[in-house]
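K.L.:
The primary structure of each chain is shown beneath.
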Amino acid sequence: MSDPRARAILAIAILSALAGRASAVHVGEKAPAFSLSVAGESRRLSVPDPAAGQALTVVMFISTRCPVSNAYDVRMEDLEKAYGSRRVRFIGVNSNVNEPPAEIAAHAREHGFTFPVVKDEGSRTADAYGAQHTPEIFVIDAAGLLRYHGRIDENRDDAAAVRSPDLRNALDALLAGRPAPVASTKAFGCSIKRG
Amino acid sequence: MIGAILLALAVSAKAPARAPRVIAPVAPSDYLSAVVRPHRGRVLVVNFWATWCEPCRAELPSLAKAWKKWRGAFDVVLVSADALRLKDGVVPAVLEGLDSPFPCFIEASDDPQKFIDTVDPTWEGELPHTVVYDRDGKVAASAAGLQSEAQFEALVARAR
Numbered sequence: 002m003s004d005p006r007a008r009a010i011l012a013i014a015i016l017s018a019l020a021g022r023a024s025a026v027h028v029g030e031k032a033p034a035f036s037l038s039v040a041g042e043s044r045r046l047s048v049p050d051p052a053a054g055q056a057l058t059v060v061m062f063i064s065t066r067c068p069v070s071n072a073y074d075v076r077m078e079d080l081e082k083a084y085g086s087r088r089v090r091f092i093g094v095n096s097n098v099n100e101p102p103a104e105i106a107a108h109a110r111e112h113g114f115t116f117p118v119v120k121d122e123g124s125r126t127a128d129a130y131g132a133q134h135t136p137e138i139f140v141i142d143a144a145g146l147l148r149y150h151g152r153i154d155e156n157r158d159d160a161a162a163v164r165s166p167d168l169r170n171a172l173d174a175l176l177a178g179r180p181a182p183v184a185s186t187k188a189f190g191c192s193i194k195r196g
Numbered sequence: 139m140i141g142a143i144l145l146a147l148a149v150s151a152k153a154p155a156r157a158p159r160v161i162a163p164v165a166p167s168d169y170l171s172a173v174v175r176p177h178r179g180r181v182l183v184v185n186f187w188a189t190w191c192e193p194c195r196a197e198l199p200s201l202a203k204a205w206k207k208w209r210g211a212f213d214v215v216l217v218s219a220d221a222l223r224l225k226d227g228v229v230p231a232v233l234e235g236l237d238s239p240f241p242c243f244i245e246a247s248d249d250p251q252k253f254i255d256t257v258d259p260t261w262e263g264e265l266p267h268t269v270v271y272d273r274d275g276k277v278a279a280s281a282a283g284l285q286s287e288a289q290f291e292a293l294v295a296r297a298r
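Protein sequence lines correspond, in order, to chains Y and C. Convert by adding 1 to the 1-based position in the first sequence; the result is the number in the numbering used here. Convert by adding 138 to the 1-based position in the second sequence; the result is the number in the numbering used here.
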């Protein structure tokens, strides 16, 4: 490949393919620490946060505009209601460059989220976790280790028809001191819009 | 399965100027036989998309431009990740609106993970996603996220 234009095109393709994939964290590894501002507020949240005294932290990469993420808005809130009192901390993370903090705060209010949603400027936290799409979930234990990564469940279209509630299964097992029955899952979702 | 075979026969060998907007279901177990193998001997671009995916809709015209620029020197097949119930309504309507010249399958499985892992075990499921196969039907390149016309050309160049 001696043509400089062809080389440039190839370089674009390789960089594109590698974008955001370099620093993924895997189940069993230490989850990356972060400290981000709650969208529309001045307070910051940190992970890990030993003072919070939680058994598990659920980091949820979400979006205001992605129809798949929005299909899970009610389910995410239901999960927070079901597990929030069981020492499970839920944090939404918005890493999309095209969704500003004011929009994120308004979206959270409209949907009655009781969990905070933080703004990940520059998508640096998404890069550190290797998060690729919304919604994408990472469950971290009290020791800061990643214990579950993947989807909420397999059925984005119909919450009543879910057959594989993977996140619930993982939380139930981890709270009982057992490993997640399936620690890594996948589903279709909207790609995170990086700058 | 019969629909998938008919669609594969219709789009194999030479890319048509305007393929019929038949949306054929494809199960994970049929992906290679229905989507990839009919194009052996030609470079094939498989573009995974969904009607709800904004960058997917945005990049389809770029893919069509690259395909026209290369005068159909490679084949393109779309695979929709939409719900199967949208096969005859929303999916063809969106393709019509985008003036897509490409044939389209729709993912048909009881669990999306089966399909994702069948296509590419390193793929997390984000859309859009593009996989390029060489003339032997082997993966030559893949790319996640929105691609420009030049990026599609670069991907195809890696398979030629």
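Accuracy of the hints is not assured; some may be wrong.
Stated by the list, open to error - Straight-line Cα separation of at most 30 Å, DSSO-like style, residue types lysine-lysine; simulated pairs:
id	chain 1	residue 1	chain 2	residue 2
1	C	Lys276	C	Lys252
2	C	Lys252	C	Lys225
3	Y	Lys31	C	Lys252
4	Y	Lys194	Y	Lys31
5	C	Lys206	Y	Lys194
6	Y	Lys31	Y	Lys82
7	C	Lys206	C	Lys225
8	C	Lys225	Y	Lys194
9	Y	Lys194	C	Lys207
10	C	Lys225	Y	Lys31
11	C	Lys203	Y	Lys194
12	C	Lys203	C	Lys225
13	C	Lys276	C	Lys206
14	C	Lys276	C	Lys225
15	Y	Lys82	Y	Lys194
16	C	Lys203	C	Lys276
17	C	Lys207	C	Lys252
Claimed, not checked - From the derived model, a few chain Y residues whose C-beta atoms are all more than 12 Å from chain C:
id	residue
18	Arg45
19	Ala53
20	Asn71
21	Ala72
22	Lys82
23	Val89
24	Pro102
25	Phe114
26	Gly145
27	Gly151
28	Arg152
29	Ala174
30	Ala188
31	Phe189
32	Gly190
33	Cys191
In case anyone wonders, no lab produced these hints; they're calculated from the structure. Cβ coordinates follow ideal geometry from the N, Cα and C atoms, glycine included.
K.L.:
Confirm or reject: Ala188 of chain Y is not an interface residue toward chain C, with every Cβ-Cβ distance exceeding 12 Å.
P.N.:
violated (5 Å)
K.L.:
Is the Cβ of Phe189 of chain Y more than 12 Å away from each Cβ in chain C?
P.N.:
violated (4 Å)
K.L.:
For Asn71 of chain Y, is the shortest beta carbon distance to chain C beyond 12 Å?
P.N.:
Contrary to the label, Asn71 of chain Y does not stay out of reach of chain C, its closest Cβ about 10 Å off (not over 12 Å).
K.L.:
Grab the minimum beta-carbon distance between Gly151 of chain Y and chain C and tell me whether it stays above 12 Å.
P.N.:
violated (8 Å)
K.L.:
Should the label of Arg152 of chain Y as a non-interface residue stand, given a Cβ cut-off of 12 Å to chain C?
P.N.:
The assertion about Arg152 of chain Y is violated, with a minimum of 8 Å to chain C.
K.L.:
Sort out whether Lys225 of chain C lies within 30 Å of Lys203 of chain C, counting only the CA atoms.
P.N.:
holds (25 Å)
K.L.:
Taking the shortest Cβ-to-Cβ distance between Arg45 of chain Y and chain C, state whether it exceeds 12 Å.
P.N.:
holds (28 Å)
K.L.:
Confirm or reject: Gly190 of chain Y is not an interface residue toward chain C, with every Cβ-Cβ distance exceeding 12 Å.
P.N.:
Violated: least Cβ distance 6 Å, not greater than 12 Å.
K.L.:
Against chain C, does Ala72 of chain Y keep a CB gap of more than 12 Å to every residue?
P.N.:
violated (9 Å)
K.L.:
With 12 Å as the threshold, tell me whether Cys191 of chain Y passes as away from chain C on beta-carbon distances.
P.N.:
Since the minimum Cβ distance to chain C is about 6 Å, Cys191 of chain Y lies within 12 Å and the statement is violated.
K.L.:
Taken at face value, is the distance from the CA of Lys276 of chain C to the CA of Lys203 of chain C at most 30 Å?
P.N.:
holds (24 Å)
K.L.:
Between Lys31 of chain Y and Lys252 of chain C, does the CA-CA distance stay at or below 30 Å?
P.N.:
holds (28 Å)
Hint check: violations occur at hints 10, 17, 20, 21, 27, 28, 30, 31, 32 and 33; the rest are consistent with the structure.
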